[in-house]
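Trainee: Sequence:
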Amino acid sequence: MATSFTWRLGETNCKAKDNKFIDWVMVECYGTENSVTKMYALPCHFNGTSADVGSNFIPYDTLIDSNGAWTETGEATVLNWALTNGFSPVKQEKIKGYVQKEIDDHNNVITDIAVIPTSTTAKPTVTVTPM
1 MATSFTWRLG ETNCKAKDNK FIDWVMVECY GTENSVTKMY ALPCHFNGTS
51 ADVGSNFIPY DTLIDSNGAW TETGEATVLN WALTNGFSPV KQEKIKGYVQ
101 KEIDDHNNVI TDIAVIPTST TAKPTVTVTP M
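First residue of the sequence shown? That's 1 in our numbering, and the numbers climb one at a time after it.
In short, the hints are calculated from the structure, not lab data.
A hint or two may mislead.
[What the hints assert, rightly or not] FRET-style restraints, in silico, Cβ to Cβ:
(1) 32 - 77: 21 to 27 Å
(2) 32 - 72: 31 to 37 Å
(3) 66 - 11: 18 to 24 Å
(4) 54 - 102: 36 to 42 Å
(5) 115 - 84: 33 to 39 Å
(6) 80 - 107: 29 to 35 Å
[To be verified] Result set (DSS-like, lysine-lysine): computed pairs, CA atoms no more than 30 Å apart in a straight line:
(7) 38 - 91
(8) 91 - 101
(9) 38 - 94
(10) 91 - 15
(11) 94 - 17
(12) 20 - 91
(13) 123 - 38
Quick reminder that beta carbons are idealized off the backbone N, C-alpha and C, glycines included.
Let the sequences and hints guide you as you build the complete structure.
Mentor: In structure tokens:
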């Protein structure tokens, strides 16, 4: 069965003196295969200030509910920022690879690695030492 991946947000740090500009978020990647779920978390930093964002700035308080938890659209918005601006597609695939390795380790799966020659040039012949 193929692993399904889900991205979520964990801890968040805001700059209180800068309109609660989100300084960084912990991005969590969950992978589930059959009944095994594993997670890998990595911080995503947002550089700059609310002034740098300008009219596109979204106040932190509009992204959370009255209990301080992410709203569904708030989490989706910040995840989009993180996955679009913070983590390249290559980095996202590496993170998924870490999660898949944790699942494989849990399931005692041994990953086969194909060994491919790096050169088609003949190797030097080793001289045998006379006895």
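Trainee: List in ascending order the numbers of the hints, as given earlier, that are violated by the structure.
Mentor: 2, 11, 13
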